[in-house]
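First to last, the sequence lines map onto chains A and B. For what it's worth, my numbering labels the leading residue of the first sequence as 1, then goes sequentially. For what it's worth, my numbering labels the leading residue of the second sequence as 1, then goes sequentially.
It is worth saying that the hints were derived from the structure and are not from the lab. Wrong hints could be hidden among the right ones.
Stated by the list, open to error - Straight-line alpha carbon distances no greater than 25 Å define the calculated BS3-like cross-link-like pairs of lysine-lysine that follow:
(1) A:201 x A:158
(2) B:121 x B:147
(3) B:26 x A:307
(4) B:106 x B:88
(5) A:307 x B:289
(6) B:88 x B:205
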Amino acid sequence: MTISATARSDATLQVAKSWQRQTSLRRLYTILGIGLLLAATLSSMWFADEANAGHFWDRLPHLLDFLSWLIPKDWNDVWRALFDTASPHDTGTQEFNFPLGRVYVWGGFYIPEYFELMLTTLNVALVSTFIGFVLAVPFSFIAARNLTPHPALRLVVKRLMELLRAFPEIVIAGLFAAIVSTGPIAAIIAIGLHSIGALGKLFYEINENIDMRPEEGLRAVGANWFERVRFADLPQVLPNFMSYTLLRVEINVRASTIIGAVGGGGIGEELKLSISRGFGAKTLALVLLLFTTIFIVDQFSAWLRRKLVGEQAFLMRA
Amino acid sequence: MATMTSEQILSIEERYPQVFRRPAYKRFAPLFLFGGILLYLVYALWFFNLPQVMRDSHWERLPLFLTQWISYDLQPEFRLDQPEITPKYPRFSALGENPNPDWVVKNADGTFTILIDGPGKSVTFDKTRATIIANGETVPVALTSGKPVISGPAPGWITAHDDEIVAKMGFVGEVRVTVDRVKVRKRFLGWANFVFDTRSPFFGKSAGEVISLIWSGPELKPGTSNLALAGDNIWNNAQWQHGDVWTKLLQTIVMAFLGTLLGGLVAFPLAFFAARNITPSGLLSQVLKRFFDFMRSVDMLIWALFFTRAFGPGPLAGSAAIFFTEIGTLGKTYSESLENIDDKPREGIKSTGANGLLVQRYGVMPEVIPVFISQTLYQWESNTRGATIIGAVGAGGIGLKLWEAMRTNSNWANVFYMVLLILFVVFIFDNISNFLRRRLSRTIHDYNRIQAEQG
Numbered sequence: 001m002t003i004s005a006t007a008r009s010d011a012t013l014q015v016a017k018s019w020q021r022q023t024s025l026r027r028l029y030t031i032l033g034i035g036l037l038l039a040a041t042l043s044s045m046w047f048a049d050e051a052n053a054g055h056f057w058d059r060l061p062h063l064l065d066f067l068s069w070l071i072p073k074d075w076n077d078v079w080r081a082l083f084d085t086a087s088p089h090d091t092g093t094q095e096f097n098f099p100l101g102r103v104y105v106w107g108g109f110y111i112p113e114y115f116e117l118m119l120t121t122l123n124v125a126l127v128s129t130f131i132g133f134v135l136a137v138p139f140s141f142i143a144a145r146n147l148t149p150h151p152a153l154r155l156v157v158k159r160l161m162e163l164l165r166a167f168p169e170i171v172i173a174g175l176f177a178a179i180v181s182t183g184p185i186a187a188i189i190a191i192g193l194h195s196i197g198a199l200g201k202l203f204y205e206i207n208e209n210i211d212m213r214p215e216e217g218l219r220a221v222g223a224n225w226f227e228r229v230r231f232a233d234l235p236q237v238l239p240n241f242m243s244y245t246l247l248r249v250e251i252n253v254r255a256s257t258i259i260g261a262v263g264g265g266g267i268g269e270e271l272k273l274s275i276s277r278g279f280g281a282k283t284l285a286l287v288l289l290l291f292t293t294i295f296i297v298d299q300f301s302a303w304l305r306r307k308l309v310g311e312q313a314f315l316m317r318a
Numbered sequence: 001m002a003t004m005t006s007e008q009i010l011s012i013e014e015r016y017p018q019v020f021r022r023p024a025y026k027r028f029a030p031l032f033l034f035g036g037i038l039l040y041l042v043y044a045l046w047f048f049n050l051p052q053v054m055r056d057s058h059w060e061r062l063p064l065f066l067t068q069w070i071s072y073d074l075q076p077e078f079r080l081d082q083p084e085i086t087p088k089y090p091r092f093s094a095l096g097e098n099p100n101p102d103w104v105v106k107n108a109d110g111t112f113t114i115l116i117d118g119p120g121k122s123v124t125f126d127k128t129r130a131t132i133i134a135n136g137e138t139v140p141v142a143l144t145s146g147k148p149v150i151s152g153p154a155p156g157w158i159t160a161h162d163d164e165i166v167a168k169m170g171f172v173g174e175v176r177v178t179v180d181r182v183k184v185r186k187r188f189l190g191w192a193n194f195v196f197d198t199r200s201p202f203f204g205k206s207a208g209e210v211i212s213l214i215w216s217g218p219e220l221k222p223g224t225s226n227l228a229l230a231g232d233n234i235w236n237n238a239q240w241q242h243g244d245v246w247t248k249l250l251q252t253i254v255m256a257f258l259g260t261l262l263g264g265l266v267a268f269p270l271a272f273f274a275a276r277n278i279t280p281s282g283l284l285s286q287v288l289k290r291f292f293d294f295m296r297s298v299d300m301l302i303w304a305l306f307f308t309r310a311f312g313p314g315p316l317a318g319s320a321a322i323f324f325t326e327i328g329t330l331g332k333t334y335s336e337s338l339e340n341i342d343d344k345p346r347e348g349i350k351s352t353g354a355n356g357l358l359v360q361r362y363g364v365m366p367e368v369i370p371v372f373i374s375q376t377l378y379q380w381e382s383n384t385r386g387a388t389i390i391g392a393v394g395a396g397g398i399g400l401k402l403w404e405a406m407r408t409n410s411n412w413a414n415v416f417y418m419v420l421l422i423l424f425v426v427f428i429f430d431n432i433s434n435f436l437r438r439r440l441s442r443t444i445h446d447y448n449r450i451q452a453e454q455g
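Next up, chain B with everything else stripped away, as it sits in the complex (with noise of 0.2 Å):
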């Protein structure tokens, strides 16, 4: 490119007075701007404390917690300092009952082997010595001197505590050893006892197994079926509790479904009243669209907090406080819609004569009935998302179990059950929604194609 000469930089200049010579105001508004954030963000570090809490923080816990969503871990305790070494398995562990794993070997010996990941992750050990493998390396430890001793130099996989000795052995498990009993943890991938849990009796059965039961078996337990008594173990399940979290999931698809619904229907003869255009009087409209304002800015926790104690924890509670909102929403997002309508077939209407109802049945409602729809369903969307935090609040549904998974026993992996379940609810409503909302817009379309066709 040819360089410009400086005539031709001043006449652009010239030109374009508006670019080339802003008020100061103007040219520095995005440096006033940047800084003003800058500094907000500088007092947010300060008032959020946020260095303390990021000391105190303990991030270590994040990888830990997130392979706990899609993982479960087998504690066997090997007491010593008992006449025989039996292997003891915690309470309600997922083996169930009669644990008898081929990971738990007792050799020929005396000894006990332990597979944490095939033998090249194991510990073998007796009363008087165990044999920690892993990464290649053996470590011999002596259990006699009354405190466990490393022989020859530790790796950097063990920690050697001063009663204890940690081998860790990344995520398949660890290893703690003291002169009076191993403490194995192996985890596994996937998830313990999703479909039958310990004390059912199709446990432990492979899935060939269970279908030939159920089809031609005998009656495991005598009076029903091996049908219904596998449904009843599976929607019973203690573990993952599908039955409940089933009917959670649908409670919360309920309470943004009612709520939307019953909202749209108020607010859509109220829109009538409150859209300027329509309206019979002005102040009615005023005093209909604070009334809006008012139901939306009470906000959906208020009301969710109140119907809790009216009506108690619940869908009841939920539905209603989504209700309460969703008039708020609806009604102002209809008003606009209807304040945005073009005036020529209302005319039409009522140069015939028709009566106020058929002007707006017959003048307004084809125009504006696709873009409600489309509003509502678009609520109806968010909506289903809301719902789950709400119930946390008490408002019944999902929430409140994932809440209580979440806080009371850190049960991680049944948090991501009902998680996928979520997003899986989520996905399909968001499809259905698109779906139903990308016709509606095509009404649209057409019938602004054929206004526009028609002068």
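For reference, chain A alone in the conformation it holds in the complex (with noise of 0.2 Å):
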């Protein structure tokens, strides 16, 4: 925008020269801010690209090359993965063995081998989200600020609760995969252990936005800590406590999918191995599998939460 000779004053002219002053300011810091960005990220490509055992260019070409390992030759070996049921391309490799997988529960009726890691991997994912809720929610209490019953103490857990949501968890599951053998329970361990910290935070962020009068009201007929926090603070909360808590079952599902494919068990090592192997209609049969799993999940938490908390908890998550 320009400034007119007729400009009356010099208040004016110096409102305006100082707004031109701050639009070009702000515009030089947009463009360095960007040309940062830019360079930051092509510097990042360059080096992931070299760092990578196959570059982006070369490969590129073969990006689709494995539909044709991943493409069965017969459509309906899909379903016989899925359900275990004998494939005439059965030659004895591992490849077509879907009949050997079946977990037989009684007589003659079996599960599917990939139905019963995916509940594997499905409860993994329940219990850590239980353990984590369990423990989670005592700790919130202490660390919010207005509800802690010691300023130091508050510190403490909530340093503790920083660590646990920062540990990498693929190093406890590692660390319990050597004491308690690899498998579901050192994933569980794993996996609940840093939804303890992730649930904590989100948890006391909650208390600390409650309404304090209740709180008030019962501290004025002399409630003791528990008394208050259970029926001051508690009722206002737990509805956001388990929509939170729901959406960490999405998470940890998808969490325990990947700490199964690094020795976890449940359906994520099979997935890996499948994939691995090139056995196409294996594969394709599990990311059917987890894939159906996981968006069911995802539908029925989000209905559920509606349901608890309506619509805000879909607003803005920052």
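With the hints as a guide, bring both chains together as one complex.
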């Protein structure tokens, strides 16, 4: 915007000038910021490409090569792999030995292998979320500024939760794999510990935003700390706690799949094996099952959360 | 407090029927929920076969592993069946090629004394007998009768096997005596050879000596300055692999950065078409939303495994996996925030006759950009943590290195070193992202305030 020569007073001129200065400074900062980001991105791309086993431009034409092994010769094999029925292509190799995985419950009734593995992964996620919830709730009352029984205790618990949140899950899984042997228990411990930290942080932030009047009322009639927390705070925060816990279930299903792939058992391990050996039908069956399960868990949890806390929970997470 | 009369109680009951006369299913819902959870836990106990797993687990290893995070041990062995007793150290011991520690003492009478924790915890031996001292007790062991024999009663910290006597001295170490050898394990707090490994010419020198060598010493390796040599020795430290660890750490950071940023860039335009209140066609909105759900539900692990096969293991595969998942996650959150914007600025811009693009630029973007950036930073933060795990399945970065250090050689000190680095990086990035988000939320707050003031 240009200042016309007819500008009346010096004051107007001054305001206009400082406004111009401000905008040009802001523009400079924006350009500088974008330039920095661009430089960082380009150098990151170069670095990632250099460090990779195959290079981007060399591999790009072969990106869809995996379709050659992924697409099965007979699409019915996907269903057979999923439900463990015999395939006519079975030649004794691992690629088509579907019925071998059956888990017999009683008599001729069996659970197909992949459903059993999916169940393991889901159970790992649920149990570890439960562990996280049970410990995060008391921690969150201690760590909330307005409810803490003692400021020093608050600091200790806050630091502990930060550590649990940032500590790489894979190290905890590896450590406990050496103690309780590899498998779902190590995964539960790893994801459970992480969930304590992650849920605890969200919970105490909710606690710090409660209406303190019920708490004051209870304090006035001489209620002790447990009674105040139980009857003044908990009823206010429980719907939000449940909502975040459901969100954690979604995250933990994914986490337990990944931990599974590095030795935590469950469907992740099977998927990793199947992809690395190039078993098309098996891989497709696993991806289909995993995809459907995660989709259902997400949608169900979203529906439940909407019932619990209404639409606000879906506003910006920031 | 005065007690209430029954009329008062009844009148309260009368006034609040929604509290006192709730339907049965509502009153018992918490009980059912609690019972359900309890039942599920019992089922999980059975499903994971927890009692059996606990019986088979080795909890005694936990303190051992944890001490290995912050300590190292030296294990000299003394053969007694040779003509002369000489200490033998394992290859690649932390003491280097010419070990001569001051806690191995050759006495004037030909016996050896190993000071495991000063003279209070030590062992003195020759070919015929050994004397173990610890916890204020002295235990003589005779080695002449074909197997080690303790003369007198054995204290609780000594275990006498058929052909071996094991004296455990707690954290500091242990002594194992048989007729033909004495084996000592002495544990030290700290990390061995963290700066220079045993092959380096700077090995075993104090910090002052190293600095003076670098500053003004003669060239240790002709043709290179001492500073360059020291740097090279540290970077290529065989035991700690600083160079490799830091490069891998950078790969992990780059994976999270690239994946999140590129995911955000792709999700940004798509989110406008997916938002119900902005999209030109409802069908397009539905298609895009299902597409976002698909990208999210396929899961980072599946993407990582596929891209590891496509690009080969490395950060490129990891970046691509995070990129694909983030398109879904950010697309979903972006379009949800777009659906929650205030419509008035858009109407205002539209009423001036601006075209579609300009309406978005001036009517929508000022409101959502801070929110978008904040959401992207949040994802960046969580991906920095997530990238570690993806790495372990082959997608590059420090995850794989961590996993190998744990699985192949149980090198817990190295693991702890990497964990500290990761914690440090996560801490720094959390703070950067928190700082930026706090500034942004101030912007959002100001914007809302101005809007409220203007009605």
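To see whether the hints hold, each was checked on the structure:
no.: 1; hint: A:201 x A:158; in the structure: holds, 8 Å
no.: 2; hint: B:121 x B:147; in the structure: holds, 23 Å
no.: 3; hint: B:26 x A:307; in the structure: holds, 15 Å
no.: 4; hint: B:106 x B:88; in the structure: holds, 14 Å
no.: 5; hint: A:307 x B:289; in the structure: holds, 21 Å
no.: 6; hint: B:88 x B:205; in the structure: holds, 23 Å
Comparing the model with each earlier hint shows no violations; every hint is respected.
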